[in-house]
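In order, the protein sequence lines correspond to chains A and B.
Numbered according to the working numbering, the first sequence spans residues 580 to 910.
Numbered according to the working numbering, the second sequence spans residues 240 to 622.
Since the hints were derived computationally from the structure, they do not count as laboratory data.
Each residue gets a CB set at the ideal place from its N, CA and C atoms; glycine is no exception.
A few of these clues could be false.
Label pairs and their in silico Cβ distance ranges [what the hints assert, rightly or not]:
no. : chain 1 : residue 1 : chain 2 : residue 2 : range
1   : B       : I472      : A       : M721      : 37 to 47 Å
2   : A       : K777      : B       : G422      : 54 to 64 Å
3   : A       : Q860      : B       : R491      : 22 to 32 Å
4   : A       : W657      : B       : K442      : 51 to 61 Å
5   : A       : G766      : B       : F469      : 44 to 54 Å
6   : B       : I365      : A       : P715      : 19 to 29 Å
7   : B       : I376      : A       : P715      : 43 to 53 Å
8   : B       : I576      : A       : L665      : 46 to 56 Å
9   : B       : Y471      : A       : V895      : 27 to 37 Å
10  : B       : G422      : A       : S861      : 27 to 37 Å
11  : B       : R491      : A       : M721      : 49 to 59 Å
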Amino acid sequence: MNVYETIVSFITSAIQFGTPIILAALGGVICENAGVVNIALEGMMRMGGFFAVLGSYITARSFDPILGGIDPRSGNPWFGILLAILVGVLVGLLHGYISITLRGNQIVSGVAINVFALGGMTFFLERFFSTTGHSPSVASFMGQPLIPGLSGVPIIGGIFGNLNVFNWLALILPFVIHFYLYHTAMGLRHRSVGEHPKAADTLGVNVYRIRYIATIGSGILAGLAGASMSMGQLDLFDNHMPSGLGFIALAAMIFGKWTPIGTLFASLFFTLASVAQSYVQSAAPQVLKYIPVGFWLALPYILTIIVLVSFVGRAVAPAADGTPYEKGEKL
Amino acid sequence: MKEDIAHSTGGIINWWNSRKESLSDYIVPIISILFGFIVAAILMIATGQNPLAGYTLLFRGAFGSSWGDFITLKQAGEGLVKGAVLTLTGLSVAVAFNVGLFNIGAEGQFIVGAIVAAYLGFKLNITPWINIPLILIGVAIVSGLYAAFAAWLKVKRGVNEVITTIMLNWIAINLVENWIVVGPFNIRNYQPGALLAGTPYVKETSRLKPLIATSRLNASLFIAIIAVIFVYILFKRTVLGYEILATGKNPRAARYAGINTGRTMIIAMFIAGALSGISGACMILGTEGRYPGVFRPGYGFDGITMSLIGGNGAIGTFFASLFFGFVRAGATNMQLIGIHKTFADIIQGVATLFVASQIGVRYLILKIGERRKVGREVESERI
């Protein structure tokens with residue numbers, strides 16, 4: 580493998596691995612910039628991941644040449660994405676209803692969604708697929724580049740020719756959301772609701788509506804993040820998903836200081852550290868004799884803490900993050 | 240007219256304020272748990288299961304199929320052991336919540352406590368009455384420092400504790416399971432050719448033995464009860480507890496009142512870590528006997544739910560944990576009709592959702608009262 584190929588495969592696997600983290604973290608950014616804490620990213624990802632696979636599975640029609648019966652790989656993966664988005668909307672609505680309309684505790688609601696997703700998806704996995712391990716392989720976007728024509732383009736082709744739909748979303752959405760938050764009137768309202776809902780309300784901004792948009796948007800993004808794991812990295816739902824990546828996304832959001840671009844780089848930093856450690860392990864296995872594998876696996880997390888402590892410093896959340904807003908409340 | 244409405248609303252608020260301590264603190268969690276069971280039953284019906292059969296199995300799994308089973312704690316002991324472990328992680332999260340920190344790191348502290356207990360339990364061999372307290376003190380110190388590190392970073396460098404405790408979870412899991420347990424402290428270092436993964440068994444003098452022959456119930460229940468009393472007294476009777484509560488309610492005001500909030504946060508987090516660590520130690524010294532190859536029971540994360548359902552208080556957390564200890568033990572029995580034991584998480588999750596909306600439920604009651612009043616006045620004006 581020459582240097583160019585190494586770099587290309589390094590970047591490609593970083594994008595592959597980072598996609599769910601970036602998408603989920605953006606969900607967190609959207610939500611918390613409107614003043615609603617979203618600890619439920621993990622659970623939302625889990626639900627999105629499961630229902631994406633289910634969506635692809637239930638559209639399967641043709642018969643399996645070997646086993647007879649319906650071939651699970653003949654479904655429509657786009658329907659899977661649709662179902663993941665739909666579930667994201669519903670869970671976002673639920674989180675919104677509790678934290679906005681009922682003015683409940685946002686952290687408690689988030690934790691509850693996580694716990695429910697943990698048991699609920701195992702329950703559904705057993706009901707629909709009679710297993711608690713993983714679903715069958717379904718039609719997915721794994722190894723399906725969105726724009727395969729790009730692979731012929733020199734230099735960038737090696738990287739961009741391999742990206743599936745989720746990877747493209749993860750690379751483009753941070754800039755879209757950045758533009759929305761910082762360069763549109765709606766985005767200004769969105770942030771004002773997170774910083775000072777009372778002031779926003781006085782100026783005629785509908786605080787509740789924006790917060791609902793934010794929680795629903797965050798549900799959709801987290802649902803897509805889950806789908807990117809079960810339908811992009813793999814073609815099945817594994818019961819261990821998303822194995823803590825939702826919490827990593829939460830950390831990336833704080834690390835990125837609640838901004839979309841910052842979050843993109845925080846996610847990529849974490850991802851690169853993870854990819855680097857796996858490269859070191861496979862390229863130079865002799866180092867494992869001196870530094871054990873557990874240390875390498877822990878390294879990305881250790882590096883994140885070191886970077887936070889030494890360079891990033893105080894991360895300041897949106898001022899009204901986590902506080903419910905009641906119309907007409909006295910200051 | 241408007242004053243009238245405001246007055247009546249104020250009346251309801253006053254009524255709530257005077258009674259919410261005694262009423263909603265107990266009623267809301269109970270109603271929430273009830274809703275958890277109802278929603279879970281609806282899920283069972285929707286997927287073609289008989290909820291009555293399911294819950295019968297759950298009940299029998301939790302308490303036993305006969306009076307004999309119940310009295311000899313054959314099944315119930317299992318729930319009590321799980322409840323004890325949950326109580327300790329629940330208290331850990333509760334103490335942190337009360338100082339204003341969100342301890343997602345209970346899982347990592349639990350794992351650190353477990354491996355330290357496995358190591359000390361293997362190395363120390365005196366008598367149980369000296370061994371076990373020594374192990375627990377060692378565990379409390381190591382896990383406590385592990386947690387306090389996150390609080391220290393928050394106080395000194397302003398790093399958000401949510402992010403550091405999440406990172407510390409993964410650092411603990413990876414260092415323990417992919418290094419210590421497979422490397423320096425693997426069973427094969429001591430018994431070459433052993434077929435087990437994980438660490439060697441702790442010494443007999445370090446084990447928390449079953450209290451009665453018919454059940455796996457062990458002294459971890461007493462350790463949990465002692466911890467409940469400790470946390471209860473801490474918050475009700477001590478200066479430190481007062482400082483923790485003051486820091487949690489309003490750190491600025493606490494600082495003006497002369498409380499060293501930074502120090503208070505670090506101490507509270509140390510206590511939280513110690514409690515989670517002892518929880519892990521109870522599992523290792525009790526039911527497990529050693530650190531197995533893969534050990535992720537998730538009790539650290541469950542601690543968050545237990546604390547929240549229990550209203551972040553010592554007694555509430557204890558009862559919530561005992562209850563869900565039984566539910567978890569009972570859910571294992573639902574495997575018989577093809578329902579995975581994580582079914583307990585569904586009940587727990589839905590119950591927590593309702594706990595989350597408790598402020599909202601109160602608010603809705605206020606709203607309903609208000610609307611009725613307005614409606615009546617509009618009607619009377621028409622007349």
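Going through the hints against the structure:
no., hint, result
1, I472(B) x M721(A): 37 to 47 Å, "violated, 56 Å"
2, K777(A) x G422(B): 54 to 64 Å, "holds, 56 Å"
3, Q860(A) x R491(B): 22 to 32 Å, "violated, 48 Å"
4, W657(A) x K442(B): 51 to 61 Å, "holds, 60 Å"
5, G766(A) x F469(B): 44 to 54 Å, "holds, 50 Å"
6, I365(B) x P715(A): 19 to 29 Å, "violated, 55 Å"
7, I376(B) x P715(A): 43 to 53 Å, "holds, 51 Å"
8, I576(B) x L665(A): 46 to 56 Å, "violated, 30 Å"
9, Y471(B) x V895(A): 27 to 37 Å, "holds, 36 Å"
10, G422(B) x S861(A): 27 to 37 Å, "violated, 19 Å"
11, R491(B) x M721(A): 49 to 59 Å, "holds, 52 Å"
Checked against the numbered hints above, the structure breaks hints 1, 3, 6, 8, 10 and satisfies the rest.
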